[in-house]
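2 protein chains.
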Amino acid sequence: MTLIAEVAETGTTAYQSPKDIAIEGARAARAEIRAGRHRDVTSGMAPAIVQANLAILPAEYAADFLRFCHLNPKPCPLIGMTEPGDPMLPMLGEDIDLRTDLPAYRVFKDGVETDEVTDIGDYWRDDLVGFALGCSLSFESALADAGLPLRRYEYGMKTCAYRTTIETTPSGPFRGGMVVSMRSFTPENAIRAIQITSRFPEVHGAPVHFGDPDTIGIKDILKPEYGGWAKIPEGDTPVYWACGITPQVAIEYAKPSFCITHKAGHMLITDKLNAEFASL
Amino acid sequence: MTLIAEVAETGTTAYQSPKDIAIEGARAARAEIRAGRHRDVTSGMAPAIVQANLAILPAEYAADFLRFCHLNPKPCPLIGMTEPGDPMLPMLGEDIDLRTDLPAYRVFKDGVETDEVTDIGDYWRDDLVGFALGCSLSFESALADAGLPLRRYEYGMKTCAYRTTIETTPSGPFRGGMVVSMRSFTPENAIRAIQITSRFPEVHGAPVHFGDPDTIGIKDILKPEYGGWAKIPEGDTPVYWACGITPQVAIEYAKPSFCITHKAGHMLITDKLNAEFASL
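In order, the protein sequences belong to chains A and B. Using the working numbering, you'd call the opening residue of the first sequence number 1 and step up by one each time. Using the working numbering, you'd call the opening residue of the second sequence number 1 and step up by one each time.
Treat each hint with caution, since some may be false.
Same chains, same label: a pair holds when it works inside one copy or across any pair of copies.
To be verified - Here are the simulated SDA-like pairs of lysine to any residue, each with C-alpha atoms no more than 20 Å apart in a straight line:
1) K74 <-> E188
2) K255 <-> E202
3) K109 <-> G121
4) K19 <-> D126
5) K19 <-> M157
6) K74 <-> Q195
7) K109 <-> Y253
What the hints contain is simulated information worked out from the structure, not anything from laboratory work.
My request is simple: use the sequences and hints to build the entire structure.
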């Protein structure tokens with residue numbers, strides 16, 4: 001009897017696959033968040049695991065928002081959706097409860113932010129539908145694995161994101177300009193970054209633009225609308241990816257009677273590996 | 001009995017697959033060239049078919065040149081090689097005879113061009129080895145199929161190619177700067193072009209650079225060393241691919257006692273489909 005056959009028969013081994021280890025890390029991170037012991041951003045938690053943007057809307061808006069995601073897959077890559085009234089999201093992981101499993105939420109009434117909370121149990125309603133959208137942390141992980149330098153770590157920047165004049169395709173009340181995130185690279189590394197992110201269509205995919213910020217309506221590249229400030233070293237070219245902040249802009253336009261989103265950077269940690277989202 | 005089964009059994013159909021038709025076109029083109037009825041460039045002949053750069057060297061140089069190709073796969077993507085002394089290249093197609101099947105050849109002695117001929121039968125020797133290298137016509141065909149505009153057709157330019165300061169990795173006497181070809185695109189189309197050409201590593205693959213010509217040692221982008229002149233419309237970014245002229249520069253450095261190459265644009269037409277060279 002081979003060792004593998006023996007292990008399979010007796011189940012006595014403590015062997016865990018890299019995937020098992022990653023998912024165990026994801027579940028531990030969600031448990032920390034649910035218990036209220038982690039209120040900060042989720043960047044750096046649960047390595048190799050997909051983190052997601054969250055939007056929660058009343059069922060009456062769900063069809064239009066779903067269609068908005070379908071029409072604008074680069075900024076709004078839908079990776080999970082709940083049943084109306086059900087806060088659980090089994091398609092993205094075990095025992096995921098959208099009411100408690102993110103570190104911070106923003107609550108909107110008629111398009112205006114009214115509250116920021118760490119638990120939305122009190123806000124939950126029987127008609128709410130949760131949408132989970134892919135996030136650039138997944139492809140940043142793939143870029144870093146490929147050895148490409150991410151300037152925000154070098155300079156201590158936040159992710160820089162900008163409103164643009166690239167219009168989304170409207171659906172019902174949802175519309176507005178695309179938000180893009182920017183990372184700068186040497187041209188050689190930008191070519192690699194385009195290749196790598198092309199493999200991840202479910203987390204924004206290939207960039208939508210590079211170079212001149214003016215042509216997509218960015219007025220001052222050093223002053224992003226989101227992220228505070230930017231620095232681009234000599235010899236780098238800015239490269240722009242569709243950004244998950246776009247649906248929040250669309251929600252601002254739509255002014256739904258009620259809405260909950262994650263707070264920027266305070267993401268939903270799933271049980272999915274980033275590598276599972278690679279298309280090739 | 002189904003129609004397909006009947007056809008398979010009786011063999012009475014005149015059906016030709018797109019591949020059959022393309023290869024028939026390739027063989028007809030080679031026959032025209034071999035018969036001396038076509039002496040011009042091969043661009044536009046045998047649609048969908050791989051055309052190749054040719055270098056023929058005495059066997060004493062073959063190992064170093066083969067290693068040069070191996071060390072520099074982007075400018076020198078080796079797709080076929082003959083046995084020493086054998087002018088036939090069966091690995092790239094039926095009845096390909098390197099002595100007669102290209103419209104024009106250049107003959108070099110000690111690194112100096114001594115002749116330009118349309119048939120190298122009189123120059124053939126028992127120690128010659130032929131090397132066929134992938135060519136950008138293949139990826140240009142994929143770019144055009146994807147709907148990307150190629151400016152050289154709009155403006156009536158030749159393919160623009162430049163000597164650069166990007167050094168190849170030397171092997172024996174073979175060395176020198178990489179030659180790059182340039183095509184300009186809007187940033188959005190450049191992203192598509194990077195994606196598409198990444199699929200074709202055997203015909204130069206992804207670009208090696210985009211944007212600033214200075215950083216790779218190109219002094220005047222409007223005056224290419226090969227191709228005469230260039231025009232880049234407002235809003236376009238120049239994108240640079242490793243070019244099959246690079247091995248000719250390496251041969252200039254090596255000054256082999258004897259060498260034959262194709263004349264620029266007068267390529268070897270193979271029996272291989274461009275699509276067969278797509279890696280994904």
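Evaluation of the provided hints:
no. : hint          : verdict
1   : K74 <-> E188  : between (24 Å within a copy, 14 Å between copies)
2   : K255 <-> E202 : neither (26 Å within a copy, 52 Å between copies)
3   : K109 <-> G121 : within (16 Å within a copy, 84 Å between copies)
4   : K19 <-> D126  : neither (35 Å within a copy, 58 Å between copies)
5   : K19 <-> M157  : neither (30 Å within a copy, 53 Å between copies)
6   : K74 <-> Q195  : both (16 Å within a copy, 16 Å between copies)
7   : K109 <-> Y253 : within (13 Å within a copy, 73 Å between copies)
Of the numbered hints stated above, those contradicted by the structure are hints 2, 4 and 5, listed in ascending order.
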